[in-house]
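Chemist: Protein chains in written order, with the working numbering: chain A, 1 to 232; chain B, 1 to 805.
Hints listed in this document are in silico derivations from the structure and should not be mistaken for laboratory results. Positions of the beta carbon are idealized from the N, C-alpha and C atoms, including for glycine. You may find that some hints are simply not true.
[What the hints assert, rightly or not] Per the computed footprint, the stretches of chain A lying under chain B, defined by three or more beta-carbons under 8 Å from a beta-carbon of chain B, are: (1) 14 to 23; (2) 28 to 36; (3) 191 to 204.
[What the hints assert, rightly or not] Chain B is faced by these chain A residues, among others (derived, beta-carbon under 8 Å): (4) R8; (5) V79; (6) Y115.
[What the hints assert, rightly or not] Under 10 Å between C-beta atoms, here's a sample of chain A residues computed to sit facing chain B: (7) S45; (8) C47; (9) S50; (10) T51; (11) P73; (12) V74; (13) E81; (14) R116; (15) R159; (16) G163.
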Amino acid sequence: MENGALIRLLGISKVFLTDEVETHALDQIHLEIQQGEFVSVAGPSGCGKSTLLSILGLLEAPTSGQYWLKGTPVHTLGVAERARIRNREIGFIFQAFNLIGDLTVYENVELPLTYRGVSAGERKKLVLEALERVGMAHRLKHYPSQLSGGQQQRVAVARALAGKPSILLADEPTGNLDSANSDSVMDLLSELHAGGSTICMVTHDPRFARRAQRTIHLFDGRVVPASQAAAL
Amino acid sequence: MFSGLLQDLRYGFRQLRKEPLFAAVAILLLAIGIGANTAIFSVIDSALLRPLPYPEPERLFYVQVKNLEGGAAVLPNMFEYLALEKGISSAEAVGAILGQPFNLKWGGRSMLVSGAYVSPGYFRALGVKLLAGREFFPDEYVSGKNQAVYFAEALWRQRLGGDLGILGKTVEMEKEVHVVAGILPGLPSQRSTATRGPEAVVPLPITQEMVDAFDRRSMVVAVRLKKGATKEQADEEIRALYRRLAEQEPRSSGNKEGFLVSADQFLRGSAHQPLIVLALAAGLALLLSCANLAGLLLARASSRLRELAIRSALGASQVRIFRQMLTESVLLSLLGGAAGLGAAGWAIDVLRNWDRLRLPGIRGAEINLNVLLFALAVSVAAGLVFGTAPAWSVLRLNLATALNEESRGASAGRGRSLLRSLLIGAEVAICATLLVGSGLLWRTYYRLTQTDMGFRPDNVLLVRTMLPEAAYPDDAARSEFYRTVLGRMRDLPGVVEASVTAYPPLAGVNWGCMFRAPGHATAGEFQQAYYNTVSPRYFAAIGARLMAGRDFQDSDTREAPRVIIISETLRRQFFPGEDPIGREIEFVLMGAKRAATVVGVVQDIAFDQPDNTRRAMIYESFTQQPWAFPFFALKTAVPPMNLAPGIAKMMSEVAPDVSADQVNELRVLIERATGQHTAALLLFGVFAGLAVLLSGVGLYGVLALAVAQQRRDIGIRMALGATPGMIRTMTLRSGLVLAGVGIVAGLASAPLTGQTLRRMIYGVDAFDPAVYAGVAVLLAVVSLCAALVPALRASRLDPAAALRE
Ligand SMILES: Nc1ncnc2c1ncn2[C@@H]1O[C@H](COP(=O)(O)OP(=O)(O)O)[C@@H](O)[C@H]1O
Ligand SMILES: [Mg+2]
Numbered sequence: 001m002e003n004g005a006l007i008r009l010l011g012i013s014k015v016f017l018t019d020e021v022e023t024h025a026l027d028q029i030h031l032e033i034q035q036g037e038f039v040s041v042a043g044p045s046g047c048g049k050s051t052l053l054s055i056l057g058l059l060e061a062p063t064s065g066q067y068w069l070k071g072t073p074v075h076t077l078g079v080a081e082r083a084r085i086r087n088r089e090i091g092f093i094f095q096a097f098n099l100i101g102d103l104t105v106y107e108n109v110e111l112p113l114t115y116r117g118v119s120a121g122e123r124k125k126l127v128l129e130a131l132e133r134v135g136m137a138h139r140l141k142h143y144p145s146q147l148s149g150g151q152q153q154r155v156a157v158a159r160a161l162a163g164k165p166s167i168l169l170a171d172e173p174t175g176n177l178d179s180a181n182s183d184s185v186m187d188l189l190s191e192l193h194a195g196g197s198t199i200c201m202v203t204h205d206p207r208f209a210r211r212a213q214r215t216i217h218l219f220d221g222r223v224v225p226a227s228q229a230a231a232l
Numbered sequence: 001m002f003s004g005l006l007q008d009l010r011y012g013f014r015q016l017r018k019e020p021l022f023a024a025v026a027i028l029l030l031a032i033g034i035g036a037n038t039a040i041f042s043v044i045d046s047a048l049l050r051p052l053p054y055p056e057p058e059r060l061f062y063v064q065v066k067n068l069e070g071g072a073a074v075l076p077n078m079f080e081y082l083a084l085e086k087g088i089s090s091a092e093a094v095g096a097i098l099g100q101p102f103n104l105k106w107g108g109r110s111m112l113v114s115g116a117y118v119s120p121g122y123f124r125a126l127g128v129k130l131l132a133g134r135e136f137f138p139d140e141y142v143s144g145k146n147q148a149v150y151f152a153e154a155l156w157r158q159r160l161g162g163d164l165g166i167l168g169k170t171v172e173m174e175k176e177v178h179v180v181a182g183i184l185p186g187l188p189s190q191r192s193t194a195t196r197g198p199e200a201v202v203p204l205p206i207t208q209e210m211v212d213a214f215d216r217r218s219m220v221v222a223v224r225l226k227k228g229a230t231k232e233q234a235d236e237e238i239r240a241l242y243r244r245l246a247e248q249e250p251r252s253s254g255n256k257e258g259f260l261v262s263a264d265q266f267l268r269g270s271a272h273q274p275l276i277v278l279a280l281a282a283g284l285a286l287l288l289s290c291a292n293l294a295g296l297l298l299a300r301a302s303s304r305l306r307e308l309a310i311r312s313a314l315g316a317s318q319v320r321i322f323r324q325m326l327t328e329s330v331l332l333s334l335l336g337g338a339a340g341l342g343a344a345g346w347a348i349d350v351l352r353n354w355d356r357l358r359l360p361g362i363r364g365a366e367i368n369l370n371v372l373l374f375a376l377a378v379s380v381a382a383g384l385v386f387g388t389a390p391a392w393s394v395l396r397l398n399l400a401t402a403l404n405e406e407s408r409g410a411s412a413g414r415g416r417s418l419l420r421s422l423l424i425g426a427e428v429a430i431c432a433t434l435l436v437g438s439g440l441l442w443r444t445y446y447r448l449t450q451t452d453m454g455f456r457p458d459n460v461l462l463v464r465t466m467l468p469e470a471a472y473p474d475d476a477a478r479s480e481f482y483r484t485v486l487g488r489m490r491d492l493p494g495v496v497e498a499s500v501t502a503y504p505p506l507a508g509v510n511w512g513c514m515f516r517a518p519g520h521a522t523a524g525e526f527q528q529a530y531y532n533t534v535s536p537r538y539f540a541a542i543g544a545r546l547m548a549g550r551d552f553q554d555s556d557t558r559e560a561p562r563v564i565i566i567s568e569t570l571r572r573q574f575f576p577g578e579d580p581i582g583r584e585i586e587f588v589l590m591g592a593k594r595a596a597t598v599v600g601v602v603q604d605i606a607f608d609q610p611d612n613t614r615r616a617m618i619y620e621s622f623t624q625q626p627w628a629f630p631f632f633a634l635k636t637a638v639p640p641m642n643l644a645p646g647i648a649k650m651m652s653e654v655a656p657d658v659s660a661d662q663v664n665e666l667r668v669l670i671e672r673a674t675g676q677h678t679a680a681l682l683l684f685g686v687f688a689g690l691a692v693l694l695s696g697v698g699l700y701g702v703l704a705l706a707v708a709q710q711r712r713d714i715g716i717r718m719a720l721g722a723t724p725g726m727i728r729t730m731t732l733r734s735g736l737v738l739a740g741v742g743i744v745a746g747l748a749s750a751p752l753t754g755q756t757l758r759r760m761i762y763g764v765d766a767f768d769p770a771v772y773a774g775v776a777v778l779l780a781v782v783s784l785c786a787a788l789v790p791a792l793r794a795s796r797l798d799p800a801a802a803l804r805e
């Protein structure tokens, strides 16, 4: 198994059961992501992109298949253990920003660090560092509702970065942004990649997908070759 | 305007029908709150608010006497009454009444009836007219000639046949012939409107013996002031009169001063305190219901924003929307009030039929027009109270942003959740206040029931008897009677010990007497003590311990040297460090002076309340000083009431002319003495329990709603690596913080409760740390339980699903 990949998915499937109807959201996915890679995931709506990211981020367990993260199997872990790994290894960036409205910018970024039990002094250093990197260090005391969408997404990126995770998972990070803000968020992700971060990003926009080193095409829960994807 | 209201109402009804569960919960909450208040109000109405059953009650007053050196107010004695009767020029009428049970013979059977002696002015002062018959003649107020009687209407109708032909006929009462002079209307007792008045009333004869019994302060003196006369004028006259009496007879009235109290205070004063306290408790419980409902409505307002926004878009003014929401709440509370009225009727019934509960006024409590109006007013007020906050919170919203609120996530709606949190804090605070009150009442009650009363009430039977004067004219005849009856009682199977006493423990009556011990440090000076007379083995029968010396014996006959037993308190006060056994004592009882030797010391025995034992008592032996209306006290080996039939049979054989119709366990006297405490404790406890339930439900509701509304936030936290345990802790903590704020606020304001209850809690510290700590812990545990389900639900959330929404 040991071949140095950060992430290895072997035959991952995900079946949802609603009202007696089975939805095969993912079907036999094999996938490897190397340390430092910038991968984008593309495909039509409903093809399983978000589900794939949820499984990569340990938010959801696969119905079958194996998931190796940094050489360890994580598909067998319990809920609490998954939460701990998620906290250390994964940084999430969502389309809807998903900042917590009752918390300030500073507190939002601090949140994953508190779950990890980082000391207050260390937290402060990491939070400021992350906010500095996304250019939001001047808005510490603001609440999310007082920020523009682009600013909120920068804070969300900072929150994902702060804990120095192994991989950033971004699900349509520009989906709720206008084009100027989209560009600047994408620039930010490119910068992070240049700085060594591993990124897996879902996007509809071919312009942004091109920024990645590699694009995985999903169709109906399956990975299809790029040539075939273009045909579809 | 009116048609607008109808429209609002119609719409309100439709809203309620659309959400039957919400409507049911709301109506239930209101029914509990309004029902409790209505029930208490009906009792207050009966005990305090209904006009006294006397004409122009504002002119009716009663005389009380205060000791200028302090102490509780007492009643005048006969000596003082005689002066008062003639000496108040601002009075239209002055009269006195003296309670006294009578043995009435009717249809060949003896029965004990509650009775009284009255002076000529008494019914005039009250303003009461006879239903039928004639007034007592002036010469009937003379000793030996007072052989006329008024019967109360109830006794006359229920037990004497209800025939007016009885007027002018004679009946045998106390072995003497009495002419039935008149029928009295139903009256409350002379001391309290909460109890029934005397059933048989005879003229009060005044004898020198009564005048000389200075310590017998049991004259209820009613004064009706002249029209236009003021209480101040009369008080001035009475003060002057007492100054004269004090000079004339210091043994009676030295250092004493009479004053008037209003009829309302005299007859109802004792009812005020417990009822007001209960009303407060019930009011707080209602407030709690309202707070809960406001919380529910706030939650509902959130889900109705869209509808309201549409209405406003269609041109409804803010005022119109406000009115619509208030109409809905008032409609709800009127429905709750109707249900509450039913609940109140039921509660009144339960309370009335609960023997151990002594709630003043409960007997007359009913749902009358006053009570209906009260329930209506409370319902409307409650509707306005719990409806205003949600309606206002909706008004303040910019409805346009309200429509976007959902899509923007959690940041909006913070105002409303803050308001809900405040409500919960307030609920828990109210709850803490009520719990502290119950805790203090419970400590008082517990202390009362756990104190050493100086006797053991288990398996003791009391039989009250009355010896007709004519059949047992002297002490010798009475002594003979007791010897026979006691002998027969001891022969009954199940009787361990038989004895007789003038007054049992906790009866709250005994005579005052004066005594001195010649050759003692306090020499010469007469001291105040209290007197009772008991037979040999009485102390053994009731389980009181002899501390020194011996019990009375059958050999202490009327011919033998006079002996007494003193109480532990008297020994401590007057013979500290000395052996009192063998000491000679002189004492004066009802004007008669006698000397006796102390042969024993008995432990202190509760007088009126279980904890009131410290009385300087002098006991004489029944064998030397028999009494005509004694209680037999029997220690039994079987449940005491099992013996009642055997005793009745034996009595009818031995002395058919003696009534023995009051048979009770001694335990019942304890229940009677503590009945008011029991009532206060139970009802207060019920309200506190209700409060705990309501605030628990309220806390649960707020947290459950918060969890439901924050699903997304919780999902985010989980995505960031919060474990289920962390989410659980977070939810529990937020619940406990809410509750904690309430607990602190409640405990901080609890001293107010202590202050309100101060006359009902005694012997316990109003700041009892155990009570405060107990309340804090209890509420913390309840809050934890209330928070547990929402916390578990939060921790089991599927983050992927929550984020997808
Ligand atoms: N919790 C769920 N229950 C049932 N079906 C689901 C659930 N989550 C996703 N799906 C279904 O799985 C498929 C893939 O969904 P998703 O991964 O969200 O697609 P994408 O992000 O590519 O639009 C869709 O058909 C969706 O309806
Ligand atoms: Mg998606």
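Chemist: For each hint, tell me whether it holds in the structure or not.
Modeler: Hint-by-hint comparison with the structure:
Counting residues of the stretch 14 to 23 of chain A whose C-beta lies closer than 8 Å to any C-beta of chain B gives 0; at least three are required, and the coverage claim is violated. By the rule of at least three residues with a Cβ nearer than 8 Å to a Cβ of chain B, the coverage given for the stretch 28 to 36 of chain A is violated, with 0 such residues. Under the rule that three or more residues need a Cβ within less than 8 Å of chain B, the assignment of the stretch 191 to 204 of chain A is violated, with 0 such residues. With 8 Å as the threshold, the beta carbon of R8 of chain A stays out of range of chain B, its nearest partner Cβ sitting at about 21 Å, so the hint is violated.
Hint status for V79 of chain A relative to chain B: holds, with the closest Cβ pair at about 6 Å, below 8 Å. Look at Y115 of chain A: its Cβ gets to within about 5 Å of chain B, closer than 8 Å, so that hint holds up. Interface hint status for S45 of chain A: violated, as the beta-carbon distance to the closest one in chain B is roughly 13 Å, over 10 Å. Residue-level restraint check for C47 of chain A is violated (minimum Cβ-Cβ distance to chain B is 15 Å; threshold 10 Å).
The interface hint given for S50 of chain A holds, since its Cβ lies 7 Å from the closest Cβ of chain B, which is under the 10 Å cut-off. A least Cβ separation of about 8 Å between T51 of chain A and chain B falls short of the 10 Å threshold, and the interface hint therefore holds. Given hint, P73 of chain A at the interface with chain B, is violated; its Cβ is 19 Å from that chain's nearest Cβ, farther than 10 Å. Against a cut-off of 10 Å between C-beta atoms, the interface hint on V74 of chain A is violated, since the closest Cβ of chain B lies about 14 Å away.
Satisfaction of the interface hint for E81 of chain A is found here, the shortest Cβ-Cβ separation to chain B being roughly 9 Å, below the 10 Å cut-off. A hinted interface residue such as R116 of chain A counts as satisfied when its beta carbon comes closer than 10 Å to some beta carbon of chain B; here the least separation is about 7 Å, so the hint holds. With 10 Å as the threshold, the beta carbon of R159 of chain A comes within range of chain B, its nearest partner Cβ sitting at about 7 Å, so the hint holds. Residue-level restraint check for G163 of chain A holds (minimum Cβ-Cβ distance to chain B is 8 Å; threshold 10 Å).
Of the numbered hints given earlier, the model fails hints 1, 2, 3, 4, 7, 8, 11, 12; all others are met.
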